[in-house]
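Novice: Here is how the chains run, residue by residue.
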Amino acid sequence: MEVSSRALFTQLHGLLFGAFFLLAIFAVVVELWRTLYEIEPRTLTRAGRSLEHYYLIATVLLGWAAVLTGAYIVYPWYRAIPPAGAASLAQYPQALLKSSPATAGWHSLGMEWKEHVAWFAPIVMTMVAYVSIQYGFSIRKHPHLRNALLVFVLVAFFAAGVAGYFGAEIDDHAPVQGGVIYHLLQEAR
Amino acid sequence: MNSRSPAQAAVPNSAESSLPNGLGAAAILSAGIGCFLLSIFAVAADASKPVAKFFTYYVPTGPLSGVSTTASVLWLLTWFALARVWSLRTVALVKINVAAFVFLVLGILLTFPPFADLLLRK
Numbered sequence: 001m002e003v004s005s006r007a008l009f010t011q012l013h014g015l016l017f018g019a020f021f022l023l024a025i026f027a028v029v030v031e032l033w034r035t036l037y038e039i040e041p042r043t044l045t046r047a048g049r050s051l052e053h054y055y056l057i058a059t060v061l062l063g064w065a066a067v068l069t070g071a072y073i074v075y076p077w078y079r080a081i082p083p084a085g086a087a088s089l090a091q092y093p094q095a096l097l098k099s100s101p102a103t104a105g106w107h108s109l110g111m112e113w114k115e116h117v118a119w120f121a122p123i124v125m126t127m128v129a130y131v132s133i134q135y136g137f138s139i140r141k142h143p144h145l146r147n148a149l150l151v152f153v154l155v156a157f158f159a160a161g162v163a164g165y166f167g168a169e170i171d172d173h174a175p176v177q178g179g180v181i182y183h184l185l186q187e188a189r
Numbered sequence: 001m002n003s004r005s006p007a008q009a010a011v012p013n014s015a016e017s018s019l020p021n022g023l024g025a026a027a028i029l030s031a032g033i034g035c036f037l038l039s040i041f042a043v044a045a046d047a048s049k050p051v052a053k054f055f056t057y058y059v060p061t062g063p064l065s066g067v068s069t070t071a072s073v074l075w076l077l078t079w080f081a082l083a084r085v086w087s088l089r090t091v092a093l094v095k096i097n098v099a100a101f102v103f104l105v106l107g108i109l110l111t112f113p114p115f116a117d118l119l120l121r122k
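If you're matching them up, the sequences are chains R and G in order. Note that the working numbering numbers the first sequence so that position 155 is 155, with each residue one more than the last. Note that the working numbering numbers the second sequence so that position 28 is 28, with each residue one more than the last.
Don't read these hints as lab results, they were simulated from the structure. It is possible that some hints are incorrect.
Stated by the list, open to error - Pairs of lysine-lysine, PhoX-like flavour, derived with a Cα cap of 25 Å:
no.	chain 1	residue 1	chain 2	residue 2
1	G	K53	G	K122
2	G	K49	R	K141
3	R	K141	G	K53
4	G	K53	R	K98
5	G	K122	G	K49
6	G	K95	R	K98
Chain G with its partners taken away, still in its complex shape (with noise of 0.2 Å):
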């Protein structure tokens, strides 16, 4: 006899567990692609003036506002674009991984002022 209740019952989801790896995919690289553009922008605001004030949404946050904002919206839409093509797919996860791994960590340097200067030659 089973007296759970139905919020004690244990879940076992169909869905979940034929769902392929693509959506978990789209999903690892475009964070990875996100964190990079993100560097990348803060880097150029950092090189250029003219960049800095293109980047400059909010004037009391600086090149700050732009550089994350553009970074955040494309980041979803490189999810949202990628998540549309790979969902119902299996796709070759340990390169899509990989890369996007090589972005997270490019991303990381590229923050690291000592880094940006280094390739600036500030």
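Extracted from the complex, chain R is given alone in its bound form (with noise of 0.2 Å):
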């Protein structure tokens, strides 16, 4: 059993920071849209409000992971261009993809719109993350204040979710290769 390093970083990126922000952001999606509803303010002693701030905080940090590692470490590899006359583009995987009209879409759709796309979950999140801790519990106080957030994370939900989709996508038609070889496990003989 092996992985590459360009599949563990690739990994990391997706699995790791992109997915986990997904999930993250839902659940702030779920608690802003939970206060549309309630009938008495919460309130939280001081342990739970910083509790809060490091969720939110910890929700930008990933979102930030994921779009820098996406861009500075997986995206140059994605994107390499095949020598001349390469025999194989197994570890060019925009090429591969462009190679056939079948998978050529994931990339002219799915990365392109990714690419770009993904940089406004982070950008809103980073916001709502802000607002949250700035207003606390008088956010109820403001509810035009907090109907923007819940409009701005769903739409965060929904880039990352179409980063995460088509990254998912394009990975699993060309995926990056290479790099160290690091063996997990050794099969006995």
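Hey, can you piece these two chains together into the complex? The hints should help.
Specialist: Right, here's the structure in full:
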């Protein structure tokens, strides 16, 4: 059982940062939505509020980690240009996808949308975390502010979902390969 | 008798309660503008080779490096400027929310390749 360093970084980008970010945004959606139906505003202890702040900050960090690892570690491997006359395109995912009409759309639609729209999610979640921390419970006194946060969080969820979906499909059709091979488990002979 | 420890005590924060909506409005509008700028830069880099070259801050990543970095920096600057002006004010939040949402939706549309291609007549 082995894994390449490039595949490992891709999994770190998508499965750890990206997937946890998506889940974390969903929890923020649920929490903000819940406040729409609140009769009595809830109160938290100081420790509970700190926990809430840490959660929001962790969500933001996951988002930025996902886009930064994607753009500066995985994407350069994805868009690497194959040398002229390369016998195999396996190490060049973008070229591999574009080499067949059956898979070209995963690049021309999937990657081209994902690489830009993905950035919306951490930008929006940074704003949401900042406003939530600044206003705390008093956000209920500003319904327009709370409603705007909810709409923006839904858009962040959509953007992160688009990035996650196309990332998974692209990796399925043309996985990033190469680099150092790590042997995780030695098969018994 | 209250046996709660300081960590367990509920925290009413009067500073939060009296905070005007300007600080939140600045954050919301700047996020909308930041997303919109990112999409405008992405379309411009897609449409023009010199623009794409200009935005190539890091060659292995290509124009995406400059598009995302420039948009992020401008987003933070816009946020900082708006917060300075609005932080102590109560502003017309509904109008600002609508403007921010329009920027956000336009941003999403412009990042969607079929829509951008339609604009660029590709």
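Novice: Now tell me if each hint is right for this structure.
Specialist: Each hint tested on the structure:
no.: 1; hint: K53/G with K122/G; in the structure: holds (20 Å)
no.: 2; hint: K49/G with K141/R; in the structure: violated (49 Å)
no.: 3; hint: K141/R with K53/G; in the structure: violated (48 Å)
no.: 4; hint: K53/G with K98/R; in the structure: holds (22 Å)
no.: 5; hint: K122/G with K49/G; in the structure: holds (14 Å)
no.: 6; hint: K95/G with K98/R; in the structure: violated (44 Å)
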